[in-house]
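Chemist: Please take these sequences and the hints and turn them into a complete structure.
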Amino acid sequence: MLACLALSAACGGPGEAVARMVTRPVSWSQDGVRFDSVLVYDDAVSGRRPGLVMVPNWHGVNAIAIDKARMIAGHEYVILLTDLYGASVRPADDAQAKAAVQPLMADRALLRRRMVRALAELRAQAASAPIDLSRLAAIGFCFGGTAVLDLARSGADLRAAISFHGGLATDDPALARKIRAPLLVMNGADDQWTMPDLPAFLREMSQVPTAWQFVTIGHAVHCFTETEATGATGMCRYNEDATRQSYALMRGWLATQFAKAAP
3 MLACLALSAA CGGPGEAVAR MVTRPVSWSQ DGVRFDSVLV YDDAVSGRRP
53 GLVMVPNWHG VNAIAIDKAR MIAGHEYVIL LTDLYGASVR PADDAQAKAA
103 VQPLMADRAL LRRRMVRALA ELRAQAASAP IDLSRLAAIG FCFGGTAVLD
153 LARSGADLRA AISFHGGLAT DDPALARKIR APLLVMNGAD DQWTMPDLPA
203 FLREMSQVPT AWQFVTIGHA VHCFTETEAT GATGMCRYNE DATRQSYALM
253 RGWLATQFAK AAP
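Reminder that position 98 of the sequence shown reads as 100 in the working numbering, one-by-one numbering, no gaps.
Treat the hints as calculated values from the structure; they're not laboratory data.
As the structure is a computational prediction, the values presented were derived from the model and not from experiment.
Where hints are given, some of them may not hold.
Okay, the calculated beta carbon distance ranges per label pair [to be verified]:
#1 254 x 174: 40 to 48 Å
#2 108 x 30: 18 to 26 Å
#3 47 x 173: 18 to 26 Å
#4 249 x 48: 18 to 26 Å
#5 235 x 98: 37 to 45 Å
Every residue gets a Cβ at the ideal spot worked out from N, C-alpha and C, and that includes glycine.
Modeler: Here's what the structure looks like:
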C-alpha cells in the first residue's frame, strides 16, 4: 500500500475507489523567509474533509515525514505538512536538526507566529483542496508536538490539537488561559526528555478553559511513533504498540471534537 501511495498508483480492485494521493508544494513567505510545505490528500474521495496542520519532528519536512503524512491522511483528512525552519534549512542529521530547532525554542513567540501563519495557509488551501473549514485541527510529533501546543497557546481557533511525544515546557504558563482547542497530549512513561516537565505542565493545564487530556503510554520512550528510530535501546525509540495506541486515540479524539462541529 505504501508503494502505491508513494507512486500515486491505483491500488483498488474492480469497483473500489482508486487512491490518488495528491502531494503538492505549498509555499509562503514570512519575515523575509520562504517556507516550503506540502499538502497531502486523497483526491479519489469525494466531499470535503477535516484539515490538519501537521508538524513533523525536528528533522522537518523530508521524505519520511511526507510518507507519514500520507499514511495519516488516508481518505479522512487533508494535511498541510508544515515547514517551520525555512526552505533553505533541511537537516540531514540530529546535529543539524538540533541547530535548526534552537532558534525557535529560544524564541517561542516566533514559533507561535510561524504556527499561526501555517494555520492561515491551511485555511487558504480550501479554495483548491477539499477542506472543511469548520473542522480544522493540528497534530505534531516531538518538536512538532511542542509547536502544536504553542499554536494552541496562541488562542488559535481549532477543533483539536494533538501532541505526540512533544515537549511540555512553555515560556509563559499564563497563555494556557487562551487555549480554545481541546487538547490531547500523549507522552511515553519512560521519556527522559519530556516527562520531567510533566508536573509544571499539569499545573499549567489547570488554567485551560476547554477539554484536555494527558495520556501516559507505558513502556514508551521519546520518539515512539518515529519508525526511523530503530535502535533496540536508547532514549529515542520507535514502539509499534505505542504508535498503534496513540493513533487510535488521535482518531477518536478528532472524531469526537469534529462531531461537535456538525450542524
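Chemist: Indicate, hint by hint, whether the structure satisfies it.
Modeler: Hints, verified against the model:
Checked against the hint of 40 to 48 Å, the C-beta distance between residue 254 and residue 174 comes to roughly 30 Å, which is inconsistent with it. Between residue 108 and residue 30 the C-beta distance comes to about 23 Å, which sits within the given range of 18 to 26 Å. For residue 47 and residue 173, the hinted distance range of 18 to 26 Å is not satisfied, since their beta carbons lie about 40 Å from each other. For the pair residue 249 and residue 48, the supplied restraint of 18 to 26 Å holds, since their beta-carbon distance comes to about 25 Å.
Our hint of 37 to 45 Å for residue 235 and residue 98 is violated, since their Cβ atoms are close to 24 Å apart.
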